[in-house]
Amino acid sequence: MTQIASLDVQRRLPVWHALSDVFLDTELQARDHHRIAKTLDISGYSLAELRSILEDEVAPAFASNLWSVAGEWAGWSENDVQTIMLKSLSRRRLPLLSWLKWLVRRRHIEREWEKIEQFLEQG
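Letter by letter, the sequence shown follows residues 1 to 123 in UniProt numbering.
Since the hints were made in silico from the structure, they are not lab data.
Keep in mind the model is a prediction, meaning the values are calculated, not measured.
All C-beta atoms, glycine included, are put in the ideal place defined by N, C-alpha and C.
Check before you lean on any hint, since a few could be wrong.
Stated by the list, open to error - 35 Å max Cα-Cα, derived DSBU-like pairs, lysine-lysine:
| id | residue 1 | residue 2 |
| --- | --- | --- |
| 1 | Lys38 | Lys87 |
| 2 | Lys38 | Lys115 |
| 3 | Lys87 | Lys115 |
To be verified - Pairwise CB distance ranges (calculated):
| id | residue 1 | residue 2 | range |
| --- | --- | --- | --- |
| 4 | Arg51 | Val9 | 13 to 23 Å |
| 5 | Glu121 | Arg91 | 26 to 36 Å |
| 6 | Arg11 | Arg35 | 17 to 27 Å |
| 7 | Asn79 | Ile42 | 17 to 27 Å |
| 8 | Ala30 | Arg91 | 28 to 38 Å |
Build out the structure end to end from the sequences listed, making use of the hints.
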């Protein structure tokens, strides 16, 4: 589990903000994946670190938007993302969501990560 004290919030914030778009209540287009990839690329994090940030930090904070009846579709501001992320990271994790929600989230992450990763590999 990531500890807030060990996070470089200012460095992570643009990454959190970009990756939060993966959980918008809308289908991302190639241009969206490219924009996200550009932000991730300039962050200086490795692919493994970025994938971990997506799965272990951003997904627990934003995945519930995928199941919301009136989910966010326009995006969150950087300030909102920072507030949501710090609150999420400070919570003690309960045994994650139900198995079904975890499976849906996992499939969604896999699908979106593959699209983003194509742009990361292109440079």
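Evaluated hints:
| no. | hint | result |
| --- | --- | --- |
| 1 | Lys38 to Lys87 | 26 Å, holds |
| 2 | Lys38 to Lys115 | 13 Å, holds |
| 3 | Lys87 to Lys115 | 28 Å, holds |
| 4 | Arg51 to Val9: 13 to 23 Å | 20 Å, holds |
| 5 | Glu121 to Arg91: 26 to 36 Å | 34 Å, holds |
| 6 | Arg11 to Arg35: 17 to 27 Å | 19 Å, holds |
| 7 | Asn79 to Ile42: 17 to 27 Å | 21 Å, holds |
| 8 | Ala30 to Arg91: 28 to 38 Å | 34 Å, holds |
Checked against the numbered hints given earlier, the structure satisfies every one of them.
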